[in-house]
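*Asks:* For reference, the chains in residue letters:
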Amino acid sequence: MKQLHGLNDFVIRFANVNGSGSASANNLFAKAVFRMGVPVSPKNIFPSNIQGLPTWYEVRVNAQGYVGRRGDVDMVVAVNGQTLRQDYDGLTPGGYFLFDSSKPLPEDFRRDDVTVIGVPMTLLCNEAFDNPKMRPLLKNIIYVGALAALLDMELQVLIDSLTKQFRKNPKLAEPNIQALQLGYDYAGEHFKDVCKLSVQRCNLVGDGIIMDGNTAVALGALYAGATVVGWYPITPSTSIIEAFGRYAEKFRIEQDTGRIKAAIVQAEDELAAIGIVIGASWNGARAFTATSGPGISLMSEFLGLAYFAEIPAVLVNVQRTGPSTGMPTRTQQSDLISCAYASHGDTKHPLLFPCDPKECFDMTADAFDLAERLQTPIMVMSDLDLGMNDHYSPPLHWDPDRVYDRGKVLNAAQLDGLTTTWGRYLDTDGDGICTRTYPGTHPDKGVYFTRGTSRNEYSAYTEDSGAYIRNMERLQLKWETAKTLLPGPRIKLHEPQARLGAVFYGSSTPAVYETIESLRARGIAVDTMRLRAFPFQPGALDFIHHHELVFVIEQNRDSQMRTLLINEGDLTPHKLIAITCYDGLPLASRSLTQAMEEALAERGVLLQQLAPGQGDAQ
Amino acid sequence: MTFFRPSFRHPDLPPNEAGYTRRDYEGGISTLCAGCGHDSICNAIIQACFELGLPPHRVAKMSGIGCSSKTPAYFLGKSHGFNSVHGRMPSIATGANMANRELIYLGVSGDGDTASIGMGQFAHAVRRNLNMLYIVMNNGCYGLTKGQYSATADKGSKGKKGGVNALESIDLCELAIQLGAGFVARGFSGDKQQLTPLIKAGLSHHGLSFIDVISPCVTFNNNPESTKSYHWVREHSEATNTFDFVPFRQTITTEYQDDATEAVTLHDNSVIHLHKHPHAADVTDRRQAIDNLEDHKAQGMILTGVLYVNPASADTHDILNTCERPLNSLSETDLCPGSAVLEEINAAHR
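So the protein lines, in turn, are chains S and L.
First residue of the first sequence: 1, per our numbering; consecutive thereafter.
First residue of the second sequence: 1, per our numbering; consecutive thereafter.
These are calculated hints, taken from the structure and not from any lab test.
Just so we're clear, the structure is a prediction, and the values are computed from it rather than from any experiment.
Do not take every clue at face value.
What the hints assert, rightly or not - Within a straight-line C-alpha distance of at most 25 Å, the following computed BS3-like cross-link-like pairs (lysine-lysine) qualify:
hint, chain 1, residue 1, chain 2, residue 2
1, S, K445, L, K78
2, S, K164, S, K250
3, S, K408, L, K78
4, S, K408, S, K478
Make the full structure from the sequences, and use the hints.
*Replies:* As structure tokens, then:
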């Protein structure tokens with residue numbers, strides 16, 4: 001039998017029962033690989049359930065730094081009876097099947113193309129530990145120990161991780177380390193050199209960090225000075241607010257009073273959550289909310305008010321699989337259109353597309369500056385994969401000299417210095433952005449009435465068509481100004497420039513780059529453009545104009561970014577080829593490559609066949 | 001409807017203690033129907049703010065959508081105002097209040113805006129005990145869309161078009177008491193003498209003050225069979241207690257000797273002197289306050305005045321333990337943990 005080989009290059013899938021404490025054991029394994037200096041990407045594929053349903057955790061180890069999901073699996077750690085069959089059948093030929101052999105495999109498990117490794121985890125665990133409450137957790141640690149032996153990992157790295165994890169409760173570290181050792185010894189003794197996958201210490205992660213996007217968003221908001229949070233619990237955005245709360249408890253306590261320099265208000269629904277943000281921003285605080293697709297639907301009316309009345313707001317949308325309740329614990333990039341044009345009437349909103357935790361941090365912080373500068377809602381478009389999974393990312397950085405851009409806000413002295421009548425909606429700079437005032441600033445100057453109805457330049461109610469159109473055109477001018485302030489696309493061109501281009505954004509990034517590399521290895525050059533913001537800058541549209549065919553790769557059925565490009569860029573639709581992956585799982589490079597191959601073949605572009613051994617892990 | 005308001009004021013009209021004249025509290029000209037109860041409420045608001053000597057620019061007025069929600073344009077022209085979306089004034093007020101706890105928040109809503117589309121927001125702003133005065137101008141119908149019944153229309157009430165309202169009505173005061181408001185009152189737009197001190201007390205209370213003001217819709221709901229008509233309310237209302245409101249800055253000049261007077265001291269040291277009937281319910285007792293409302297309802301009477309008062313309640317800021325300084329006044333130094341801390345956070349993620 002041909003076995004899969006892979007040195008620092010393979011995928012392990014853990015099949016667990018939800019709520020059994022497996023995620024922390026699996027994370028322990030992934031962290032250990034990272035601490036051995038090898039790029040790693042763990043993906044939690046979990047159900048909408050608290051306890052009992054099947055859950056998977058996929059860890060990709062890749063020395064080349066490809067940290068997108070790959071797609072197929074080289075090894076399964078099968079400890080969920082409910083899915084044993086599925087996990088066994090789904091394993092790649094040549095792969096490894098590690099299971100709890102306390103109970104023998106059913107007789108009809110007869111594949112001759114996989115290596116079966118049985119470790120009696122339950123028996124080992126029950127023999128060694130008396131506490132029935134601890135046993136399920138320690139059983140998870142036993143398979144981590146077994147993996148360490150099978151993959152030739154440094155056991156000490158895992159021991160150190162456990163010691164660190166339990167430093168506040170060393171009593172708990174002891175049985176965990178013992179369990180680790182049990183698994184390690186058993187596998188070492190019974191399956192020495194059986195597994196041809198291994199992890200070897202390298203120095204490939206540099207100063208990188210491993211963090212989930214939601215934590216990075218929370219830190220971005222913390223650093224940017226957000227003080228008011230309106231929110232309503234919804235997967236997968238909730239952990240942003242939880243993380244913000246934890247960091248606020250740590251870094252926002254007023255020393256002399258013990259009070260918090262933030263107000264985190266759990267609202268009754270998403271309508272109130274965004275209302276709180278708009279009320280606070282109107283009153284001069286930096287405020288944000290985090291939500292997901294259903295929340296966007298509910299917030300839409302208020303987003304139109306904020307657009308029209310010109311009130312800053314920061315909204316982080318951690319997208320999940322729609323429509324409706326969809327698959328709440330699965331990922332997608334399917335809220336582009338609902339966010340870009342949220343609300344009735346002619347409304348549109350700038351969007352930002354972070355691709356990793358560092359950009360989650362940067363773009364969230366920038367969103368506050370942009371929202372206040374542009375006096376309009378800014379949406380940060382994350383997704384479940386980016387938000388809830390740990391990602392290998394460059395470290396976060398904050399410029400110590402950075403000053404918040406609070407936008408065009410007049411204080412009392414500036415109001416006193418005015419020589420002409422002040423108008424809230426009077427564009428004196430020609431950029432479509434007017435000055436505003438906070439309530440309570442001045443006894444008799446700079447007062448205005450905020451409304452969702454049409455008004456003239458001095459914020460007086462009017463139904464005069466001329467005044468209405470002047471206002472709408474000024475908002476359009478502001479939209480043009482926004483293009484000059486938003487982050488530009490990241491373009492990579494071949495020399496000479498390729499005929500083909502690929503456009504993508506957000507969490508698709510690592511899988512796309514990997515696919516593009518593999519196409520290049522097979523003789524097809526594709527230039528790339530990673531979009532980072534909507535509306536599109538002229539440079540982004542130029543990229544499309546300068547390529548014959550452009551693939552638009554995204555994680556939704558209806559090619560929403562393609563629609564936005566065609567609509568906003570006035571582009572010819574047939575030039576833009578939709579490549580969509582929307583099964584709810586993080587984008588996998590192998591299925592993307594296949595989709596690209598098919599799309600190329602349809603247009604007569606043929607790829608060279610790779611010589612065996614040049615691919616991944618085979 | 002008044003299209004013109006004379007700008008002349010008697011030169012001897014004295015300013016208030018803070019040096020503002022009554023004119024400093026007026027707003028734009030009303031575009032509501034002539035005789036609309038809402039205009040009388042606006043006048044009471046102006047009068048109350050004038051008498052309290054509030055600096056107009058330190059008041060933020062907010063509203064939703066509807067006839068009542070238009071009114072913030074007609075009073076306190078020197079205050080920032082926010083006319084938001086239908087039924088969502090409470091969340092805007094919540095955010096604004098979180099941003100700056102030093103301003104005075106005056107929310108105006110209607111019975112449609114509060115008891116139907118905005119019911120959730122109303123209930124939760126009360127639960128949060130947001131420090132604001134929440135006034136509902138209650139006419140039992142939707143004026144701007146020409147007279148449909150609202151959720152506060154009484155069962156059996158008959159509108160101008162003759163249809164009988166078959167649905168149970170919602171008593172917003174009773175709900176507000178249940179949900180934890182510390183000051184709950186009911187007024188009548190036709191009784192300015194009672195309404196002005198109610199508004200003054202509501203503005204002085206710390207936490208959520210709720211005042212339901214019955215305000216007849218002269219155009220669509222003022223026929224004699226309507227229980228929200230001037231005629232009906234005059235015939236069927238009864239006040240809880242008569243009372244005097246003494247703002248904290250004012251010296252108490254009247255002495256109340258009789259046992260029937262109870263003084264309730266508010267958070268800002270203002271005092272409400274309640275002059276009780278011998279058998280009147282205790283308005284500082286939540287259960288008695290609710291029973292009192294229900295008893296009067298059973299007799300077909302509308303109870304007005306201070307319905308419930310509990311001066312010692314924790315508002316949203318107290319509950320969230322936010323700092324005393326307004327959050328919108330904090331700068332980078334207060335808010336940003338700095339790059340060295342971020343390095344430590346990076347290190348914890350390796």
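*Asks:* Given the proposed pairing of K445 (chain S) with K78 (chain L), does the C-alpha separation stay at or below 25 Å?
*Replies:* 8 Å, holds
*Asks:* Holds or violated: K164 (chain S) and K250 (chain S), Cα atoms, limit 25 Å.
*Replies:* Roughly 20 Å between the alpha carbons, so the hint for K164 (chain S) and K250 (chain S) holds.
*Asks:* Would you check the hint for K408 (chain S) and K478 (chain S), treating anything up to 25 Å between C-alpha atoms as holding?
*Replies:* Since the Cα atoms of K408 (chain S) and K478 (chain S) sit roughly 13 Å apart, the hinted pair holds (cutoff 25 Å).
*Asks:* Does the structure keep K408 (chain S) and K78 (chain L) at a Cα separation of 25 Å or less?
*Replies:* It holds: about 21 Å lies between the C-alpha atoms, which stays within 25 Å.
Hint check: no violations occur; every hint is consistent with the structure.
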